[in-house]
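Using the hints provided, position chain B relative to the given structure of chain A.
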Amino acid sequence: MGSGNDSILDMYLYETNTLLEQLDGILLASEQADTFSQDSVNEIFRIMHTIKGSSAMMEFNSLMTVAHRIEDLFFIIREKTIDVVPEALRPELFDMIFQAVDFFRGEIEKVENGEALSDSIDSIVDKINSLIDKIQGGGDAAAESAPAAQEPDGKSAPAQEAPPAPAPGDKDYPFGIHVFFDEGSGMENLRAFMLLNGLRDFCSDFVSFPENVENDPSTSDIIAEQGFLIWFRSREERDGGIEAVKTAGSVRTYQPVDAKQAEPKQEKSAPAEEPPAQAEHPAAKQEESAPAGAPRSAPAVQHPKESLISVNLSKLDQLMAVVSEIVITESMVTSSPDLKGLRLDNFTKSARDLRKLTDDLQDVSMSLRMVPVSSTFQKMNRIVRDMSKKLNRPARLTLIGEDTEVDKTIVDGISDPIMHIVRNSMDHGLEENQADRVAAGKDPVGEIILSARHTGSEVIIEIKDDGRGADTQAILNKAIRQGLAYPDQEYSPKEILNFMMMPGFSTNTEVTEYSGRGVGLDVVKKNVAEVGGTVSISSEFGKGMTTTLKIPLTMAIMDGMEVSVGDSLFTIPINNIISSMKVSEDDIVYDPARGEMMKLRDNYYPVLRAKNLFQMMDGHDNVGDGILIWVEAGESSYCLFVDELLGEQQIVVKPLPSYINTFGVKNYGITGCSILGDGSISLILDMANVYSGGAQGGY
Amino acid sequence: MSEKNMEVNTSPDGTEEVAAEAQVTKYMIGVSDGLRYGIDAEQVETILTDHTITHMPCVPEYVRGIVNLRGQIMPVIDLRLRLGKPPKDDCIIMVVNVESETISILVDTVEKMVDIPRSAILPMPTQSHQKLVSGMCALPDGGTMLILDCGLLLHG
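Residue numbers (my numbering), protein chains in the order written: chain A, 1 to 699; chain B, 700 to 855.
Okay, chain A solo, but in the shape it has when bound (with noise of 0.2 Å):
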């Protein structure tokens, strides 16, 4: 039971919060134009609609009657059209909008969180209403504000096109269904209404008993008592609407009626043709089931949309395991021991094929998982136009690239870091009045450019802004304040910069509704580190700042270099490695503390001996024997001394278990491992943990 009702409160979760995020775009889009159009009305309107109806499905009361008024609001600009409100209301309907928006995020955050929704709601009805009265006051409101208040549902088709109230069994709808909801599934009215909502998608023309279910909750108990009627034009329109209702929620029985017949007898034993399962989330269900019909919820907007379905994360992860399982044992079987020596035509031209297509299939799965930033990119409009808004200062954001496809894991992962990096542009980054740009020669309109780009195995996000730029001095002055950095040392800009992204720097000394809690950048560094990303800054003072975030496309999958020491093996992420060479003990250069260095390219470079760091038994001593690695990672660049290179490999990242994790393993450099062609298995190493950890061992 329990995960029949997750399922539906992750989809509603998902169908709200797609929603939402339509709704900022197209709020955004409408407050640059200064006016909504007539499109847009409509959008609004019906995505408050369906968020009404599903949240009141869901029984979240507070979310439906804001969307209700809401909903009512944009009914009335509907009908008459924008214009409708004055100029001056403008600034105060999209202000009232966005807050509603925020509103409605909130809530779906507290379900999400399991937390009770809030009841204080009063605040923002009010404000929507005042607002409807303002509309209608300026309008000719006396003709029109009665109906069109007391009647949001202006969506439904009898009201414009059908007579008023056609009696059950009129002689223009003969063809009629009659409809059983689940006994004692509460709020008839509004499952009705929602099924009439997917009716439309059939056809639009048709009457129902009773009617105005959406508005009449005394509706209610007619419908739970006699059923609901829904009476078409024609046989064919009737069969249509018949598909509609079986896919529809919560309907416990239906029968084809006619209008000959009077008031059908109430059917109560449940034919088979519902399967209980679709009982369920009309909405959720409609998406799946009846692809015929367009889907009356998120997509029914957004046409393409139709042929997608959304996936549970964890069913895309599972698959990639099985995938990367699949190509591990297509490996085993084709290069078994036993197979040594026999000339094997037919298999090995049929292995070719495997391989094919087990590499394909490897493609698509990874491909599955492959988002466009778009959406994270979107959500910074909104940050950008609310601070802009509240600090009085004009910015404009310009988003380039938002198509590149990154991991969806990568991308939830990248989205704070993102958000965080915007805010302090628009906060500390941009100047603090306008004259101060006039005077610098800059628009005045600060900018900031977010961009996304692929190279490689890589995608490059930067955050560059115009602002004042990044003072080195003033950084530097309290990264010593703070004790991060000595007094008397040189520091190069870039190390300056970095002391920014150190734990407990904030530059701002004032905590500000957005920044400056004394969290900043080293909250980004982390959250960017944990996606195997990398963060740098540069800056020129007065001119600007600029964040790049570095990101591998997909934690899943990387290059590696196999790497032995004694019968250990060891995966070297392939973009850390500079170059590897054999040397003899001479030309090792020792430290007073008996440190091991390597001089290359006119720098020398401590030495690290994987065996000592790893404490192993087995492995080279000589460094004749071995084989010297040059990595360079982060900021760090020294050379790792191991027994042998076995070649480079496509690997298969594996998270080790939790339980080993609990000994900080992380911290000496081991971050995962993964499952070689024979079944054993290769620990991965990341660089900059290992010569961190090496260096706290003493190494």
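Keep in mind that a hint or two might mislead.
As the list claims (entries may be wrong) - Away from chain B, derived, C-beta distances all over 12 Å, residues of chain A:
1) Pro91
2) Pro210
3) Asp221
4) Glu325
5) Glu431
6) Ser568
7) Met581
8) Ala593
9) Asp618
10) Val623
11) Glu644
12) Leu656
13) Ser658
14) Ile675
Unchecked claim - Cβ-to-Cβ under 10 Å is the rule here; a few derived chain B residues that face chain A:
15) Thr748
16) Val758
17) Val762
18) Pro824
19) Leu853
20) His854
Honestly, the hints are just simulated from the structure, not real lab data. Ideal Cβ placement from N, Cα and C applies to all residues, glycine included.
Same frame as chain A, now just chain B:
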């Protein structure tokens, strides 16, 4: 295994039998350094006899490394080393599910399954200093079984 339990609980035979059934727990006995340890059979996923353990650096000695069981990576905990006994070479791996994590425990041999009524399980004497055994009981064929608490093994 848990499904089986469900069946017992929902059987229409009346509550008395259910109560009696519920009080018997199946244990799988693993032997380590001469002592018999019982692990709740519902937690035991499988037993491996011949498996390559990949050494894991930077962990306590009793974590012998990790193994790959059909693509699943699990830590291997050597019960002997965990309890401060000398290690032994040829061992058997018991794969155990604890708190939704899969771990494997290295024992000398696996003996058999036993049904133990809950009432027969006695608490450990309080002055005992060990931390992994949550109870003990006498076996029908003589001898004593110590009940290994795998959760403690995970967190201890």
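Okay, the hints, checked on the actual structure:
no. : hint   : in the structure
1   : Pro91  : 52 Å, holds
2   : Pro210 : 44 Å, holds
3   : Asp221 : 38 Å, holds
4   : Glu325 : 4 Å, violated
5   : Glu431 : 49 Å, holds
6   : Ser568 : 5 Å, violated
7   : Met581 : 24 Å, holds
8   : Ala593 : 22 Å, holds
9   : Asp618 : 9 Å, violated
10  : Val623 : 21 Å, holds
11  : Glu644 : 17 Å, holds
12  : Leu656 : 7 Å, violated
13  : Ser658 : 6 Å, violated
14  : Ile675 : 5 Å, violated
15  : Thr748 : 16 Å, violated
16  : Val758 : 4 Å, holds
17  : Val762 : 7 Å, holds
18  : Pro824 : 29 Å, violated
19  : Leu853 : 6 Å, holds
20  : His854 : 9 Å, holds
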